[in-house]
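Peer 1: Given next are the chains, with one letter for each unit.
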Amino acid sequence: MNKIPYNHLDLNIYEEVLDNGLHVYIVPKENCNNARATFVTRYGSNQSEFIPKGGKEMIRVPDGVAHFLEHKLFEQKDGVDPFSFFDESGSECNASTNPWQTSYWFAGPQNFEKNLEFLLDFVQDPYFTKKNVEKEKGIIVQELEMYMDDPYRVGFEKSNFNTLQIHPLRIRTGGSKESVESIMKEDLYTCYETFYHPSNMALVITGNVNPQSIIELVQKNQAKKEFSTPEPIIIKEYNEPDEVFKELETVEMRVTIPKIFINYKINISELKDIPAPLIPTYVSIYLDLKFGTTSIFTEQLKQEQIVAEDLYCDFSNIDTHIIISIEGETEKKDVFIQKVDEEIKNTDTCEADFIRKKKTILSSCIFMSDHIGRLNHRIVNDFVKYGKVRNDLYGEYQSLNYADFRKVVDHFSFEHKSIFIINPKSTSI
Amino acid sequence: MQYQKYNKGNYNLHIIQTDRFKTIDIIVNYKNELKKEEITIRNFLMDMLLSTCEKYPTTRALAVASEDLYNISVNGTNVRSGKYSILSFKCRFLNEKYTEVGMNEKSIAFFMDMLYHPNVKKGCFDEISFEIVKKSLEEDIRSIKDNPRRYSLLRLYEIMAPNSKISYHASGYLEDLDKITRENLYTYYQTIRNTSIVDIFVIGDIDFSQVEAWMDTYIIPPENRIPTGNHILTYTDVRSEEQIVKEQADITQSQLLIGCKVEELTAFERQYVMNIYSFILGGGGDSKLFQSVREKNSLCYAISSSYNYLNHTLVISAGIDAKTYDKTVALIREQIESMQSGEFDEEAIQKAVAVFISGCKEVEDSSSLLSNTYLSHEYLGNDLLEEKIENIKKVTKKMIVELAKKVHVDTIFLLEGGKYEQDSV
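Heads up: the sequence lines are chains C and E, in that order. In terms of our numbering, the first sequence opens at residue 1 and continues consecutively. In terms of our numbering, the second sequence opens at residue 1001 and continues consecutively.
So here's chain C without its partners, still in its complex pose (with noise of 0.2 Å):
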């Protein structure tokens, strides 16, 4: 087991691989009651087209397998139940998936090391007949109806459907009525057998724990089951186009002002010479510069009584493009949308702002490290997002510099946008 230094942080990362390809990541902090368990999977909504394991063809299956699969692995062959097994010693539990991956995690200050164990037992053990499947999707899809009754959601999914053309974050996590409904629980072992193998997932815990004993449980567990030889999983590709699917759409719900979501779509392919993962930090500079609370422009958006709130802003990526989202509310919405570009496209930067911006990243990194329910986050998404945890978090922050700032800048290109707008229903109810 190695361990390295969590560097700046007062704190150490313990990391080993199994014999089966198992990463582990164990975060020990010791001045505090509780712990948490993540067993997270690279596997999302993005991967979507495959093939599978022991196959020879590119397979596609239903829109919101994935997220069938997390609520079907609570199901258990011998009827215990997951959430009632972590009530007995006072512990949470839950699991959620993404377009990137699907975790599985408990938290609690008692029973840490047998609750492990289940964890680690309920998700490596499938248990899908053709009842308990059929049973799931009434409860998926008054999940999905929850989803569709808020704007914010509608709004992020629209956009995401109507900025990338072929790419499967277009597609909601969940999938829809009719996908969810055509999932077979064929569809689910398919899935299971190609995306759950050790060599593709990670367990990460943070808190009051100690290494060595945790280590020797997860091998011990680890060699009582069998599995497959370790193979590369081949995920189709994509060759995203830089325009946008759809540049404007209009929908009308039970909302009182209407929200506007603009989504520019960046191609990054070509910025080569800037460290991978601290791109998505000088995006986030760019943006909290720009669209934030020490911007002059959201102040003027206030004062000229355009927005009454602040905007959000937020991205995502793949592997060709960036997506920035900016979302307002506002009856102004021309103006709005208008200002908004202006804005974006205009990019001068100062570096004293730049500097200040980089201060509060590095506070945000040891306020991080304080809770080890964001500190274990952040490990499984460094895990599933580049296949290692960035020990030197703070180093890499302290690197940022003006210079690579403004070559991400100057890469920008703001022609391809797409628009959606939430207007308040004309009959309301």
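Treat the hints as calculated values from the structure; they're not laboratory data. Check before you lean on any hint, since a few could be wrong.
One side only, chain C facing chain E, incomplete, derived with CB under 10 Å [to be verified]:
1) D10
2) F83
3) S91
4) P109
5) E113
6) A308
7) S369
8) V384
We treat Cβ as the ideally placed atom computed from N, Cα and C, and that holds for glycine.
Given chain C, work out where chain E should sit, using these hints.
Peer 2: Quick look at chain E alone, frame taken from chain C:
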């Protein structure tokens, strides 16, 4: 961890010394009786103080200054606590051990500037920031229907207990907003500063006497010490017949809420038995409601029960398809009744106890939960962590069944959707 309380004349200072956090938290609480006509102005005041101050007269200037202080965060909440409302300002910054010497005091001074030196000239709050805050509050009040769940809860309380404190809208009222001026807001500010019950918490790896000295320097105490009263709301009118109210809305999923009134509880029931009761009924993935309505009948994705012991209410909520209303309500009733007839085993109680104890242990990992624990000890006489862990083990099945008999379904509210054509991705 060490805790000390100081009586500072007209306010209380609470210091929690612990090496668990790399941050220092300061929380300033102003407690007043909850009054409907003050909700809007109270929200307004909070937002004004958080948006600018004399030294940093624009939101932008304030944000730049907070970034320079290593991303210090200051936020506020208006929390309801039964008959009272607690206006709470919280500031969190990195301990100077992780930044540079002198930052602790600079950070405290920044926070105190926001609280005690607002952006006021000649007895009036600054016009530009006043208008910005006003517009934001107005949109917030107008958008009340946007979130079906929040809206349904609001309607449920209005129908359950019209005119009672639980029916008040947390975001305030447009007619009250119109009455707020830059002058009367400043008058209200002075009233809050001088006629509130004030409790201040400081939490972090800090020295008691140093913190006390800083607080003596920076805190401006209220002019008087105001005595506190009982927070608890009770009902005398338990309905003999339930009310059922259905309201239509153009949404996809229907929101079902069942509001229950609870007869007056003892301090022990409030703190312990109620918790176990609600956990077994609808506390999580292993609860009666989840197992029956979701797992066995696939009628919903989310279902849970939550209680407010200060208001003596319990609310069951679920997102359902309107077509399954009758079946879902019947199943929920069955589960409520099964609590009264004691259809749960010792194991279920033990699980609920374990979850409660875990919750107590997690409190020590969070500065916010720590200060809340001491605050409810101060205001409500609630037990502290060690007593809680001991007392929860004393809850018996008999106590839970007795409590279950005090829970009465009062109002069933359905925000009925699904009748309208929806766009789907």
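Peer 1: Please flag the earlier hints that this structure goes against, numbers listed from lowest up.
Peer 2: 5, 8
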